[in-house]
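Chain residues, written in single-letter form:
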Amino acid sequence: MLRASRRTGLVFFPAFDWAISPTHPEREERLLYTQDQVLEEGLLDVDGIIEYRVRPAAFEDIQRVHFCVPDEESVATESHLIAAGGCLVAADAVLRGEVKSAFALVRPPGHHAMRVVHGNRGFCNINNEAIMIEYIREQYGIRRVAIVDTDCHHGDGSQDIYWHDPDTLFISIHQDGRTLYPGSGFPREFGGPNAQGMTVNIPLPPQTGEEGFLYVLEELIMPLLEKFEPEIVINSAGQDNHFNDPITNMNFSARGYAALNARLKPDIAVLEGGYALENALPYVNVGIIMAMAGLDTSFVKEPNYERDYRPQRDDITQYIKDLVVRLRDMFLEGHLEKAACKEGLVIERSRDIYYDTDHIHERQHEKIRCCNTCSGALSIASTSNRGQHILAVLIPLGACKECRKTGLAWFEKAIRGAYTHVYLLDRVRGVYERT
Amino acid sequence: MILGLDVGGTQTDAVLIDAGRIAAAAKIPTSRDLLATLRTALEAVLSDVAPGGLERMAFSTTMTINAIVEDRLDPTGMIVSSGPGMDPAWFSVGPSYHVVEGCLDHQGFEAKPLDRTGVQNAASRIIKEGIRILGVVSKFSVRNPLLELQAAKWAGDAFSHVAMGHRVSGTLNFPRRIATTYLNAALYRIHKNFSDALVQILKEKGLNGPRYLLKPDGGTMDLDKSIQWPARTAQSGPAASVMGALALDGCKGETLVLDVGGTTTDMAVVMDGTPLLKPLGIRLGPYRTLIRSLLTHSMGIGGDSEVRMDPKGNLRIGPIRKGKPVALGGPAPTPTDAMIALDLLTVGHRNAAAAAMERLGAPAGWDAATTAERTLHTMAEAIAASAKAFIYNINSRPVYTIHEVLADRRIKPGSVLIIGGPAPQIAGYIEKALGLPSRFPRHYGVANAVGAAVARVTSEITLQADTQRGSVVIPEADVEQAIDQDFDMEQAIALGRTALCRQAAEIGAHENGLEICITEKQMFAMIRGYARTGRNIRLRMGIMPGLIPGWEIGG
Ligand SMILES: [Zn+2]
Ligand SMILES: [Zn+2]
Numbered sequence: 001m002l003r004a005s006r007r008t009g010l011v012f013f014p015a016f017d018w019a020i021s022p023t024h025p026e027r028e029e030r031l032l033y034t035q036d037q038v039l040e041e042g043l044l045d046v047d048g049i050i051e052y053r054v055r056p057a058a059f060e061d062i063q064r065v066h067f068c069v070p071d072e073e074s075v076a077t078e079s080h081l082i083a084a085g086g087c088l089v090a091a092d093a094v095l096r097g098e099v100k101s102a103f104a105l106v107r108p109p110g111h112h113a114m115r116v117v118h119g120n121r122g123f124c125n126i127n128n129e130a131i132m133i134e135y136i137r138e139q140y141g142i143r144r145v146a147i148v149d150t151d152c153h154h155g156d157g158s159q160d161i162y163w164h165d166p167d168t169l170f171i172s173i174h175q176d177g178r179t180l181y182p183g184s185g186f187p188r189e190f191g192g193p194n195a196q197g198m199t200v201n202i203p204l205p206p207q208t209g210e211e212g213f214l215y216v217l218e219e220l221i222m223p224l225l226e227k228f229e230p231e232i233v234i235n236s237a238g239q240d241n242h243f244n245d246p247i248t249n250m251n252f253s254a255r256g257y258a259a260l261n262a263r264l265k266p267d268i269a270v271l272e273g274g275y276a277l278e279n280a281l282p283y284v285n286v287g288i289i290m291a292m293a294g295l296d297t298s299f300v301k302e303p304n305y306e307r308d309y310r311p312q313r314d315d316i317t318q319y320i321k322d323l324v325v326r327l328r329d330m331f332l333e334g335h336l337e338k339a340a341c342k343e344g345l346v347i348e349r350s351r352d353i354y355y356d357t358d359h360i361h362e363r364q365h366e367k368i369r370c371c372n373t374c375s376g377a378l379s380i381a382s383t384s385n386r387g388q389h390i391l392a393v394l395i396p397l398g399a400c401k402e403c404r405k406t407g408l409a410w411f412e413k414a415i416r417g418a419y420t421h422v423y424l425l426d427r428v429r430g431v432y433e434r435t
Numbered sequence: 001m002i003l004g005l006d007v008g009g010t011q012t013d014a015v016l017i018d019a020g021r022i023a024a025a026a027k028i029p030t031s032r033d034l035l036a037t038l039r040t041a042l043e044a045v046l047s048d049v050a051p052g053g054l055e056r057m058a059f060s061t062t063m064t065i066n067a068i069v070e071d072r073l074d075p076t077g078m079i080v081s082s083g084p085g086m087d088p089a090w091f092s093v094g095p096s097y098h099v100v101e102g103c104l105d106h107q108g109f110e111a112k113p114l115d116r117t118g119v120q121n122a123a124s125r126i127i128k129e130g131i132r133i134l135g136v137v138s139k140f141s142v143r144n145p146l147l148e149l150q151a152a153k154w155a156g157d158a159f160s161h162v163a164m165g166h167r168v169s170g171t172l173n174f175p176r177r178i179a180t181t182y183l184n185a186a187l188y189r190i191h192k193n194f195s196d197a198l199v200q201i202l203k204e205k206g207l208n209g210p211r212y213l214l215k216p217d218g219g220t221m222d223l224d225k226s227i228q229w230p231a232r233t234a235q236s237g238p239a240a241s242v243m244g245a246l247a248l249d250g251c252k253g254e255t256l257v258l259d260v261g262g263t264t265t266d267m268a269v270v271m272d273g274t275p276l277l278k279p280l281g282i283r284l285g286p287y288r289t290l291i292r293s294l295l296t297h298s299m300g301i302g303g304d305s306e307v308r309m310d311p312k313g314n315l316r317i318g319p320i321r322k323g324k325p326v327a328l329g330g331p332a333p334t335p336t337d338a339m340i341a342l343d344l345l346t347v348g349h350r351n352a353a354a355a356a357m358e359r360l361g362a363p364a365g366w367d368a369a370t371t372a373e374r375t376l377h378t379m380a381e382a383i384a385a386s387a388k389a390f391i392y393n394i395n396s397r398p399v400y401t402i403h404e405v406l407a408d409r410r411i412k413p414g415s416v417l418i419i420g421g422p423a424p425q426i427a428g429y430i431e432k433a434l435g436l437p438s439r440f441p442r443h444y445g446v447a448n449a450v451g452a453a454v455a456r457v458t459s460e461i462t463l464q465a466d467t468q469r470g471s472v473v474i475p476e477a478d479v480e481q482a483i484d485q486d487f488d489m490e491q492a493i494a495l496g497r498t499a500l501c502r503q504a505a506e507i508g509a510h511e512n513g514l515e516i517c518i519t520e521k522q523m524f525a526m527i528r529g530y531a532r533t534g535r536n537i538r539l540r541m542g543i544m545p546g547l548i549p550g551w552e553i554g555g
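Just so you know, the sequences run in chain order L and Z.
Here the first sequence stands for residues 1 to 435, numbered as in the working numbering.
Here the second sequence stands for residues 1 to 555, numbered as in the working numbering.
The reader is advised that the hints may include incorrect statements.
[As the list claims (entries may be wrong)] In silico lysine to aspartate or glutamate, EDC-like type, Cα no more than 20 angstroms apart, as pairs: (1) Z:Lys-412 <-> Z:Asp-272; (2) Z:Lys-278 <-> L:Glu-29; (3) Z:Lys-521 <-> L:Asp-17; (4) Z:Lys-521 <-> L:Glu-29; (5) Z:Lys-521 <-> L:Asp-36; (6) Z:Lys-112 <-> L:Asp-315; (7) Z:Lys-112 <-> L:Glu-306; (8) L:Lys-301 <-> Z:Glu-110.
[As the list claims (entries may be wrong)] Taking beta-carbon pairs under 8 angstroms as the criterion, some of the chain L residues facing chain Z (in silico): (9) Leu-39; (10) Tyr-52; (11) Arg-178; (12) Pro-282.
Don't read these hints as lab results, they were simulated from the structure.
These figures come from a predicted structure and were not determined experimentally.
Glycine included, each C-beta is placed from N, C-alpha and C at the ideal position.
With these hints in hand, go ahead and build the complete structure from the sequences.
Spelled out as structure tokens, the structure:
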């Protein structure tokens, strides 16, 4: 009897009855062939691979993370709730010790969803990983979390949610934003004033092969994790770096994904993008599940691998080597050009956010209280071209007295202001309010 | 008249049914010689029957399962082609297992042609080893049988029997397809010999009516046609019990069926007359297969299980059976002794049973009646705990659509039906332990033989149509044909229905108007680069386990 050397949980939710639109990459068919391949391989018969049934997440789970405008019903459909709930099921399986690690093979994805949600960005409405992480913190008292986002697109939603959080190390490795949506994710984006160096962006040039990814993993990501010492490691496991992917330009293979997973050994992996639904996803997912279970993946190979896979070009190898030297210097040697962060100082920034799927333009104005003991009180004023003008205040988990006081004062003041809605998320008291 | 015969591990039951009533029943011990057992049971129940009067005979036997468990399978060569995924060497079965190059993708496209020389070399090595039985399997052969057909052809005609993977089931699962194909090949000769011998016995007795074998899915198939599918005759005992429960009671609503035997208790769930099926297939000895099976669970507690007291003063029952109950001269106390001591059952030496109970309870200072009472209570509690876990597991099965998640359909039995020897004695205790109304039918002791007697023929097909590839495949029924861009669900259902009816008729379903059930129906638009390029239709339909026409519940 075939046995997994590491007990692995699998939460599979292909949402066979949900699509953004009939011909959209996020459609019913997306995980059909993955399911075919997983079933044909007989992976669920392997002793130690355990499949779990999904459950929908509750609005309460979303409210630990997002300010939904105008409310949760309007931005999260049943499918989003179930995908997020699938991640909670995976988290429970791991944290209760039933399995060593788990893979939430769910759709729709979530890593482009930011703190404030007006609609769908980059196929995402709510951030599955963040909802799972805040659930884990609440239920299991875990603090230090690392996210390694290996989707081909910059995980700008997760970056936004954890921008100010010194307890979350967010690492995103992706195709260079100058060549791909969403156009962000450069090394200079390294975290807010209270969490400088906790966001690490690794933009790789188009045509980077698995050599390049594995090199970055070994030389940069693994040392960063060693230094941070997270209690739990989450992998945002997008599969659009694949050489067969139709909407990106990278050069990764199923074997590469398996090798990455075997080295990173995430506690929980969550599917993100990946749209080569016939000639990449089936093999990549089989590779990931097998790698998580500790099975030998040397037979996992795309049928067109020999014909279509090209080894990484030398100039790309050199570019990545140079990039890693620079990033090691910034993040491991500590040569970051940090902004001044004097206790009590309130730092403000403004930015425009575009929702590509729903064509929403959002303008944000953000205030954060600099703090040496907590993540700092956060206030976001957000205006959309759909007539919404909201203000949201976050009092983070473990907030100090001063930050809590500041946050409450901002909220009190906002209630009297001219906003369509005012939100307060007080993680200290576990309160979510919306006017 | 109808004859039903169920060979169990320790006992063989036979019933004769005349005009819907049980006219005769017999219970004999199962001996090592299966054919002798069958002969004795037949004679016991048929003594006053004119041979011509039998319109139907059905048997549930242990020939193939015993061969599997005792490792008496025929040497069988396997030629397997795989492609990307798990290492095919992990699924090696039999003495001569060969992996050759060649692969299909999940759509059934030939990604790499089958290595003809590789197949020929493998075949000649198998032949050199003196093996004349062959199984051929390829990954995704249920999407396109091409590679298996080629392998069978290229292996040459030196083989006396060749089993092919796509014919055993349309379900996706390559390792199970290998195991199931192997078993069908390796059991072929053993089962054929058994079937020939049984036919001979029936001939001697002048019994010429249609004859069937029971399958683990609670359905039957024609004995003569079973030769091609020997593995489908293994482990049909639990199915016989469930079908018996259905025949004697009807099992309306959601019913938990418990078959309390000598050493085990088997459980199943029947939903409004239809028993639940396993998602993939039955496990036979060490082999996980694609053979359709009722969803049953067996636990090691029965009327003859050993009862002992642990150091903490708690009673423990099973899973060991030391022998007969003390009242019948056995070595250790059993729940049956408890029933005898409490005067719930009149058999054997009551005093011996009471004394055994007294000895068992002595360390705790209980008298015989208290010990007996607690024994039955403990037994019922253990069965109830196991039943609850069984139902919990059914309800934890994954679902893949929003619709199913939101519908959140969960099984919650409203009553319990108990069959097997101790049914009347244990029913009250189980009712209390599970908090559900419990009942037992008349003829509870031979329900299994009744089940075999009146189970109808079942069959299943799996259809996949892919208009992009331009083909529709029904592997079990050997259907593969070209289709055009317009092939739709309606046509798929019509084609499936025809194939299913033909297949069912081939294995002995002679009635008109077969009750066909569509168990899976999916259609996906296939989009390539934002344009609709095809349609992917998946259908699974079958004749579900049920009773022969004309049978009236009750017996
Ligand atoms: Zn992506
Ligand atoms: Zn603070």
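Cross-check of the supplied hints:
1. Z:Lys-412 <-> Z:Asp-272: 12 angstroms, holds
2. Z:Lys-278 <-> L:Glu-29: 26 angstroms, violated
3. Z:Lys-521 <-> L:Asp-17: Holds, at roughly 13 angstroms.
4. Z:Lys-521 <-> L:Glu-29: With a Cα-Cα distance of about 15 angstroms, the restraint between Lys-521 (chain Z) and Glu-29 (chain L) holds, given a limit of 20 angstroms.
5. Z:Lys-521 <-> L:Asp-36: Given that 20 angstroms is the threshold and the Cα spacing comes to 15 angstroms, the pair holds.
6. Z:Lys-112 <-> L:Asp-315: 34 angstroms, violated
7. Z:Lys-112 <-> L:Glu-306: At roughly 11 angstroms apart (the allowed maximum being 20 angstroms), Glu-306 (chain L) and Lys-112 (chain Z) satisfy the hint.
8. L:Lys-301 <-> Z:Glu-110: 15 angstroms, holds
9. Leu-39: 4 angstroms, holds
10. Tyr-52: 7 angstroms, holds
11. Arg-178: 25 angstroms, violated
12. Pro-282: 6 angstroms, holds
Hint compliance for this structure: hints 2, 6, 11 are not met, and every other hint is.
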